[in-house]
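Visitor: Chains as they are written, first to last, in the numbering used here: chain X, 1 to 115; chain E, 1001 to 1115.
Heads up, a few of these hints could be off.
One-sided and incomplete, this derived list gives chain X residues near chain E with beta-carbon spacing under 10 Å [as the list claims (entries may be wrong)]:
(1) 31
(2) 36
(3) 44
(4) 52
(5) 56
(6) 95
In short, the hints are calculated from the structure, not lab data.
Glycine included, every Cβ here is placed at the ideal spot set by N, Cα and C.
Listed below, chain by chain, are the residues.
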Amino acid sequence: GDSVTQMEGPVTLSEEAFLTINCTYTATGYPSLFWYVQYPGEGLQLLLKATKADDKGSNKGFEATYRKETTSFHLEKGSVQVSDSAVYFCALSANSGGSNYKLTFGKGTLLTVNP
Amino acid sequence: DTGVSQNPRHKITKRGQNVTFRCDPISEHNRLYWYRQTLGQGPEFLTYFQNEAQLEKSRLLSDRFSAERPKGSFSTLEIQRTEQGDSAMYLCASSLGTGRKETQYFGPGTRLLVL
């Protein structure tokens, strides 16, 4: 079945540090890949996505590139801010027949950014 | 666009009681998903609707769980004879079915605690 493995947390960084959160996947079909973010007390928000190999998703200074050869979708940001403190989830959707594009999530990575 | 809404936001119940959660999707979205998230884990797929038809159910969805989406608008998730293991965050997401490029938008979730 489909699965997503992401870097175990928690990750603690100082403001303006470089961020990488690793994500690799296994999928039976041709997946689309996503990063969702969950701020404290809030629901999941889409951060970025990529739907085919070599696509780069980007939003709010975050980037991730769909690497089919390494089955990876690592999240990066050049300079984190305190406001980026949240839990980050890597996810994939792949259709195994029919119209269901359910998401399969990793366990999440807690990021804390200190001033 | 008012986003996906869920009610109630929190529910505390005693073991053996029945509970019902409601999800109101984004108005033009034809697809609706339910997920369950336990502490320290990513969300896990429970069930999926396209319009009013429930097209897939996860093995996680025991016979104590039932979901409906009458008229293809809001959806309800009912848990009968709740157990302590049902304690979790229940998330609803909706999407405009565009196949593998679709994006699911999440509600804030209903947090269930079974005593």
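Visitor: Give a verdict on every hint.
Guide: Taking the hints in turn, this is what the structure says about them:
1. 31: 8 Å, holds
2. 36: Cβ of residue 36 (chain X) sits 8 Å from chain E, so the hint holds.
3. 44: Holds, about 4 Å.
4. 52: 9 Å, holds
5. 56: Violated, because the Cβ-Cβ distance from residue 56 (chain X) to chain E comes to roughly 15 Å (cut-off 10 Å).
6. 95: 6 Å, holds
Going down the numbered hints, you'll see the structure goes against just number 5.
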